[in-house]
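Put the two chains together into one complex, using the hints given.
As you go down the protein sequences, you meet chains A and B in turn.
The opening residue of the first sequence carries number 0 in numbering that gives the first Met the number 0; numbering runs sequentially from there.
The opening residue of the second sequence carries number 0 in numbering that gives the first Met the number 0; numbering runs sequentially from there.
Just so you know, the hints here were simulated from the structure itself, not pulled from any lab data.
Be a bit skeptical, because a hint or two may be false.
[As the list claims (entries may be wrong)] Below, computed lysine-lysine pairings styled on BS3-like, alpha-carbon distance capped at 25 Å:
# : chain 1 : residue 1 : chain 2 : residue 2
1 : B       : LYS51     : A       : LYS291
2 : B       : LYS49     : A       : LYS123
3 : A       : LYS263    : B       : LYS183
4 : A       : LYS119    : B       : LYS51
5 : A       : LYS291    : B       : LYS49
6 : B       : LYS239    : A       : LYS198
[Stated by the list, open to error] Some chain A residues flagged as far from chain B (calculated, every beta-carbon gap over 12 Å):
#  : residue
7  : GLU143
8  : TYR178
9  : THR378
10 : ASN416
Beta carbons are placed, not taken as given, at the ideal position from N, Cα and C, and that holds for glycine.
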Amino acid sequence: MTGKSWRLSRRQMIKGSGVAMALPYLNAMGNTNGMASGATGTATTKMPKRFIGTYISYGVYQPDGQSGIPRKDKDGNYEHHEWSWWPQGNPGKLTSFNKSTAPFEPFKDNITYLRGLDHKGGYKLGGHSSGDVFLTGADMAEIETTNNISIDQVMANHHGHETRHASLVMGTEGGTGSYLRTKTMSHRGPGKAIPSMHKPDEIFNRLFNPYGDKGIEQVRAGLKRDASILDLMMEHSKSFHADLGREDKHKLDEYLESVREIEKRVERTRDWTHTPLPEVDRDSLNLTVDHKTGPAEYIRVMYDLAYLAFVTDQTRYVTYMTESEQSSSSELWNYANYVLGYKGATHDIAHKRPQVISGQWDLWRAENHAYFLKRLADTQEGDGTMLDNTLCLWGSAHPHSSHSGLNYPLQLAGGKNMGLKHGQLLEFVGDKKVPMANLFVTMLHAMNIPADKFADSSGNLDQLLRV
Amino acid sequence: MKICLFLQMALLIPQLASGQTSIKTGQAGYESHVRPFFQKHCVKCHGPTKTKGNINVHALNGDLAAGRELETWESIVDMLEFGEMPPLEEQQPQQAEVQAVIQWIETEMRAQIQNAPQLASAPRTRRLTNVEFQNTLNELLGFELDIIDDLPEDPELHYGFNNTAGLMRMGPEQLDRYLEIARKAMRAAIVAPEKPEPYRKRQQWASIGRDRGMALDELGIWGNRRGSVAGGMSMRELPKHGEYRLRIQASGIVPPGFTEVPLKIDMGTQPGRTETPFKTIAELYLSNTPDEPKVFEFRGRIENHPASLVRSGKQGPLVRDIAIKPRVFFDNGTNNDGANYANVRQLAMPRAVINWMEIEVPVVDIWPPQHHTAILFPSPLKATDEASYVGQVLERFMSRAYRRPASAQEIDRFAKLFNIIRPSADSFEEAIRETLAMVMISPQFLYHTESSPATDEHFAMASKLSYFLWASMPDAELLDLAAKASLSDDTVIQQQVQRMLADERSHAFVEDFTLQWLSIRKMLTVPINEKLYPRFLYRVSVGETKGTEVPYLITVRDYMMQETIGFVSELIRQNKSVLNVVDSDFAFLNERLARHYGIEGVKGMKMRVVPIKPEDNLGGLLTHGSVLIGNGTGTAPHPIYRAVWLREAILGDHVPPPPSEVPALEETAGDATEDALSIAQLLARHRTVESCNDCHFRLDPWGIPFEDYNAIGRFQPMVPKDGTRVSGFNADKHKDLAGYQDYLDSINTVAVISRARVPHGPEVSGMRELKEFLLKERKDDVVENIIRRLLSYGLGRELTYRDRFAVDSIRQQAIKTDYGMRDILVSICLSDVFREETRHRKGKED
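Next comes chain B alone, as it looks inside the complex (with noise of 0.2 Å):
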């Protein structure tokens, strides 16, 4: 049999080596070259001695019907397209036998996907996630009501998304929650017919005191003394719903050198008294001076700030107690450098002014409020016939909720329902409130529209377009042309998916979207250096909480976050080519980033696209400080972490987690992190043991050049020694930010070293080299891995090998128009592939 295979291989393969470059489809073409082809190339590790990677060819027998198999085919079309194999210690094929081998594959697995195109179809019955439930409520309602908190939180998947219906579960714990928010809800949307009396209060400050420093009514970054506006407002027995109104009156004091005063306005309780603290209702940027004062008027609900009781007087009744708190971020990365903070140094940064503020709540101007009116809206039938009314209701609002209209017989049940709660409950109002929060809790609302058999075509098309792009439910104006049958029309969804994105909603997507795909959220668990990194956090200093973090202070860390995300809007916005997460000539800062990269003159703390040269050592997603922190352990850069991102989230592989009982390397380190092995070391360790350098030898080297930058995410051209990370760090000496620059050169004396050969490619040294291969010669992975993510994110469902082709046709419309996002975006909304699952909704197997 081998000589048989052998004699074969001797004389067909130089066929084809010799211009020939197709083979026979089907099974002849199997036994004639790919079968020879893989008994020559693979089966010595995938086959019946050996099963690396989990694949295996020597059972396969060239008829691809077989579903299953189809991911392996995949997975060995992909492995030859990339060079990945045959390893590069092996014979290596030549590249037209290697070609015709993979169209072989292609043929035939396109035929297969044609030929059977509802074989295997995954569940698409998913629950909304939780960003998607907050946001549709809040659509839903009209007013913004915070309840992402009450719910249990949702699974994370590193680099993928949880919108899928595999991890979009249901149990009886989350259905409660859902019938606690629906109630939460609707206590707020639909009021008591009674105008109520609001509450009212009113506190201002003087200008006096200026002899002292700053006067009472100002508010420097560090605050102000007892008494002055730095204490800000608090509030007893505030009424527990409807919306506030807050007014106040501000300007800035804008010293040389400074643009305008940033200033935020917290409303909420200290921390430790309420499982929701302070949080942010407003952020301003003043420029007009105290002889201008501007008022500035803010509306929210007051449900989204819990009281916390406090005794009034040492026997006394416990009391709901609030407060608002003004506070001034102006932040350009000095505010920490250990010097003091006395009035002077306040007197020259840039503070505000603030002569009064006032609360009202509830708002009355309007009662009942709009919000009331949208689902009880006035009309005659209301007094006459009941029933008839609480008909007009529900079909209003279910038609609303389930983005979709509702069938008489949907409305005849939530009827019957208000006829069993009407007579208990105390009014009207309350008993539609209960009706109605059953609504919410139907599946029609907590499901995704699409996967409701009663959804047509077009009401499922608004519902994917706005899940996708808003990650909320389809606006008036997206139910209309689903209500005209339009959103079958190309050109109506050409224009549907511009104005989408066009609209502010549209961040929830970037956010959700990008905040996924690149698994940014662990930068904010990464536990910082303080010693290495002393300035990078703000540290409680004394007390109970010393060495926690101060709380809401907005740090380098959050300006990471915004700026990733902002990074990728950007592309969007201005309908970039995705290619730009690799390196870009832009980046998008505001001072205090800038500041932390390096780049001068840029001012204020408003986030903006900054144009950057290649000397700035920034550009693309790669030396964001998101990923950097993210994939670093807080004393270090972590090499592999970054290895595997730039695999998972740029190029689109899919890194396997290290298996059970693979040793630890023990001697990477000792008793601290700040005598660990150095890299370089460590990675060769990793090539001396079989079961790692599998798997390592492939990874490791794509984590090197990352090593340019240092665990802060700055650009580090020069590192400690090894074992001398935070040696000779005196608290004294280094005290500010020159001295604390003298220690960096003191122990940062030895160049970085981030050379390295990728695999399968040349050798890089550092970043920029690094960019420039990955622009060069893996251009189509991060295109086809983009297009993924982003297609796989809009279907709510993970890709398989039956969306090959469909992924292929996007690409190729991208090629066209330059890789920009936004009209990725748009073929992604026009394609088959996410068209398709709404058009063939009725008629699958069942």
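Isolated chain A, as found in the complex (with noise of 0.2 Å):
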């Protein structure tokens, strides 16, 4: 962050110019195609309604929290810690903010920190792979070792039609992963991981530049002769299939829901080539960067990627996983190296938590989701701004000491418009515990999603809607 401020004035030219010919919610003249056709909306009109989760793996200093609940003084009060991740110690209106919070102390009136949720079936997995079941909260020890649908894909399978990209899935170190070292927080379903994307090129090419230097004739012929061609590969493909035993047959089940799921999605590419493409400027961001060379400017063109398409609503579901737990063989392993200079890898930071480095390295992670707020929050909606109708999810699956997987450090912000209260640190601990996925439910109700159950969550909090 250190010596490019260069690159943060090419940034604020996105948010000047860029993007601005082809945002479709600027001054709510939307449509339920995305994009502006003339017809002026009205403040009434429906607004998008968002989902991002990210994930910051290895847990956040608690001061004595070893279980994820700072410690109580003799008065019966939370005590603090200025490096606390948790902005004040008692549940209640958001009042402080201290080292590590700070960088969130404008949006204090559109957070709401949430302390005492987990996912049982991560607990069971131990610390360092609960991030697997994050969005999921499945149980991968017992039942689900394949895990299941993530919270993004549920509401993609909702309205994810409603957009080019039904979602949007990225990931720092790309790809899958495997059981217990994911790579992405998001699954269609049973043993159906979506790698996720770590190139900010192929991110911005998916996004914005899909048909590359072809003409939309010459794409829409394309993707007709794509369709005849799956067709004759499905049926190609059902011939191997069919003589394979029972468990090799389940298989190439893979295989063949691939190639019908790439056969709708050719379905619905040519649906969107009657929609112009959103324009926006490549040179305007740093798209070669790495997690390697430049951490700090990586995550954020990450988040900058996610902001532009929601901004041009390409699409309104976007996981991205900033960092991922058991990241022995990647660079991740040193990021709070080339961050902090810490003299170790990230994980020793898990284990050891050494005061200051621990809330610095927490400090550095808040700036970079509040980079993403702010982007939001500075982004005029209808009568409000995009934060406003953007549920973000922020939080780990790995609280504090190094095996402990019982209460997640977890921030909700933004989705005023979407019915959502804010401003308060919430506490779900003894007799009123309850599963993280009763969270899940409530963010599907706010997502217009009908839903009275999700993983095994058992009832809903609704107490953080308006009524």
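Structure below.
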């Protein structure tokens, strides 16, 4: 972040010009196709409802917070610490912000901290592996060993057809990772991890330049041909499938479903060729930065892409695994080293919790996330801002000490237009303890998705919603 | 009940101990001996009240027919065999008793496995791994196209292999990428009929300027000045496709004390401009003098070196820009010593002389190129009967892509596909490209050959062998043998395995296998403490990227990877005993590595076998830098990581991860790793917490003898006192190598403690005694483990209890051949378990 101001100023440019011509919801000029068509909307135009889930690994700093809950002093008040990840000790209205939460102070009316929530299934996996189920709540240790559908995909299944892309799945490491070492947060269903995308230029091309240098007619003709080819491919593969044993048939179903999925995508892409693509200035982003050489810039470019995907309404559901657990063979192992000069692996921070380093590490991550929230908050949309129409869940499934899997650090921001009530630190401990999946049920409600249950939910957290 | 059992025990067990060593098979034996044994020695911890290690014996009924329980039985027999259970602090059974119980369990298991050979067969339909896909593509096309970075990364499994059906999954994103790659590959493989005009560029450097140090055509270790050959050759608007030919005229200036000039040629763009910057295209070892310059020629694909877009002039258009840079990579460990790099110093070191270089893209000597005519072969049919021609093209291509003869029906489908594509395609070639791209995303290409029901036994075997020993598709010879139905013959298989292991393609197997088996890659990301080890890596000293590693230099860490892979290669090449992994009388080194380990007399950068003596404190895999660094913190050794590594990679144990909510040992460190508690203190803490001690008493002691080696893999008889690891370092005073040594001597003042009592074994002092112990007492486990790893990799699945006897018979075979690693590979390929899965392909339950 130091000495890169020239890049920051280029970023300002996007805000100013870059995508402005294609912002569908600015000035309430939206329609369901996601494109300003000339028909001027009114303030009552239905605003998009969005979700982004962002993950940080190896937990956060909490003073004496072995279990993820701070210690109480003799008066029964929670002790507070200047480097605590929680903005204040006691639950209630958000009043104070400390060193590592300071970046969120400007959003205090737009955020809620949630303490005491976790996934039972994650707990069974052990601290370094519970990230697998952060957005799924699956019981991977016992029954759902191949994980299960994630909350963003539930949303995408309901409303994904309204945008060009049903969802966008990003991760700093890319790919799916493997059992207990996930590198993605999104899953279509059991055994269907969606590989996260990690190269900014690929994400950019997928969102804003999907046709390359081809003309639209050429693209349409190509897609039409692709559809008939895929039909034949399907037939071809089925003959392979027919002769297999049961277990192997099941395996090859993955392939057949993939072909089917691509067929659907071809169809979808064809439909969307009638909608012009937003124009985004490629030069306004440093698309070749990687997480090794420029960690801070990389993360922000990824956040920029999420923002651009939202602002141009290419998708409404994004997940971004900024860091993954068990990253010993990736550069993320050294992130804290690159960023803070910490003489050890990032993972060591989780084990040793050196106060100041751990706190600074949290601060760095908070700055990055606050950067994204600010972009949303600075963008007018209807009567409010984009932040008011976007649920931003940020946290880790790995609270504080090295092998703990209870009481996740969680922050939910945005969504005022979606009924969210903010500005509090809520606590769910002791007899008030409920599964984190209850939060997901409420998020679905905020998205206008009828749901009684998600994973192991026992109800909802509709108290987060304004009545 | 209890009394009754006690009586039984009192009566029967002594009988066994006094000579009778077998128990009746089946239920009768279980009731009479096994159950009483469990009652006496096991149920306290593995019964109704406690279920330690997830093993529970009280519910077993002596009937092994139930499939799932066999896994439990196998764990029990393993524990008994190794003497791990009952724990030492409990009353120990008589050896004869234990042997009898082991024998009973083994007999029952064997019967069970034989009676139900088809029980619980895991799916075998697995896609190619990214490595296999990359190699298969290259073999199929006949040229190298780097596409592995375009694929979503494969999952990894530490100490295990990712080539299993469980991990090799398929999803739409994966298939999408395959399609993109297939199209890219076909675009490269099939050219347009018209011969293009190649792009050509030549640049030369004059032999002038010697009065100012080095002449313009010279290249030293630290480069040379502006305008010299060190700047390389930059090119604009190079074609995007095709084979390139690079020729350079070069020679070496080798001062006394050196043997040659190692030179590498990189092509690409600056980092930050593209995702894939400079890639090395060649390495040369120059010993010809400037009086006898030689011309060297390299070929490769330009697609592998993406250009970056730069503005030509201030407001000019964007143009594609790429450069070729030569670099001398000689490194004897003093390059980075902090002394100044003035010309005087360069002149005393090896330098390369490059008079000129020239490039041509694409190469048009033969047009269309051979990789094109291998697919679109010349034939009069092409003009007269396009349909039959396409049929023949498809048959040839598909039979290679599918690694078996394509059926008429399969060919017909793609002929139909061609007909759909042809009308809208710009050219015949374009239609063929698209059709063949579709062949390359069909399951017959993407999935392992033996999973296809249409593959016969011999073709299945051809692919099994090639994906095992080459991580690639079978070559023409294997496919010919399959066509002749010869791949069921022991002699033929044996010959083929020997041939394949001698072929350089086997390097792909050794690398893929070794890096996964030993979990080596993590060493690349261990943050090396710069203050403590300032010379280990090369850091950028100024500017925005200060402190990051200097790109494009080959570091000692890279050579360590080669050391480990090369060492395993040598075991295979020379058919040496696999016990060499524990200790050996040779190492695999070059000058840089030898310097790091303190071995004298190794000259040059080529990796080679070097004989070593015990006092060198090397030998085997346990002392490899890759292992020691990967299982350290970059500042200090990490006995727990190293213990886990030893048990998993060498002894073949599975070490479970720490469970949830085990309290962290927070006191183990202060704010920085530098003032960590000593290892002894740390481990003592493990023992005081019961939940830790349960596992750690079996773990920690294995890591202590590794303390003889520091965090960068060097032997360290003396270590710093706790808490003073980096204090007292003075950048000015300790600048050069001698000064740095003074500093090390000043902090390393305490003799290292590397003595520990190994679990169920004696006390060993240091690495040397640990190795002796392993070779004496754990030899069978080491051999069995290596056989298991190789077999699991070769079969592409995890082994189960059902493979117990297969492994044992390979091990028996290995004893006869002195554990030679190549012989073991041959036995595996000849084994029933390896061939069975192809022989009994048909007739499995549906």
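Hint-by-hint comparison with the structure:
1. A threshold of 25 Å between alpha carbons decides the hint, and for B:LYS51 with A:LYS291 the separation of about 43 Å lies outside it, so the pair is violated.
2. A threshold of 25 Å between alpha carbons decides the hint, and for B:LYS49 with A:LYS123 the separation of about 18 Å falls inside it, so the pair holds.
3. For a cut-off of 25 Å, the pair hint linking A:LYS263 to B:LYS183 stands: about 23 Å separates their Cα positions.
4. About 22 Å separates the Cα atoms of A:LYS119 and B:LYS51, which keeps this hinted pair within 25 Å; it holds.
5. Distance hint between A:LYS291 and B:LYS49 is unfulfilled; the C-alpha atoms sit about 47 Å from each other, more than 25 Å.
6. A threshold of 25 Å between alpha carbons decides the hint, and for B:LYS239 with A:LYS198 the separation of about 21 Å falls inside it, so the pair holds.
7. Distance to chain B confirms A:GLU143 as a non-interface residue, since its nearest Cβ pair spans about 15 Å, more than 12 Å.
8. A cut-off of 12 Å between C-beta atoms contradicts the statement that A:TYR178 is not in contact with chain B; the least separation is 8 Å.
9. For A:THR378, the non-interface assignment is confirmed: its Cβ lies about 29 Å from the closest Cβ of chain B, beyond the 12 Å cut-off.
10. A:ASN416, annotated as away from the interface, keeps every beta carbon of chain B farther than 12 Å; the closest lies near 32 Å.
Of the numbered hints stated above, those contradicted by the structure are hints 1, 5, 8, listed in ascending order.
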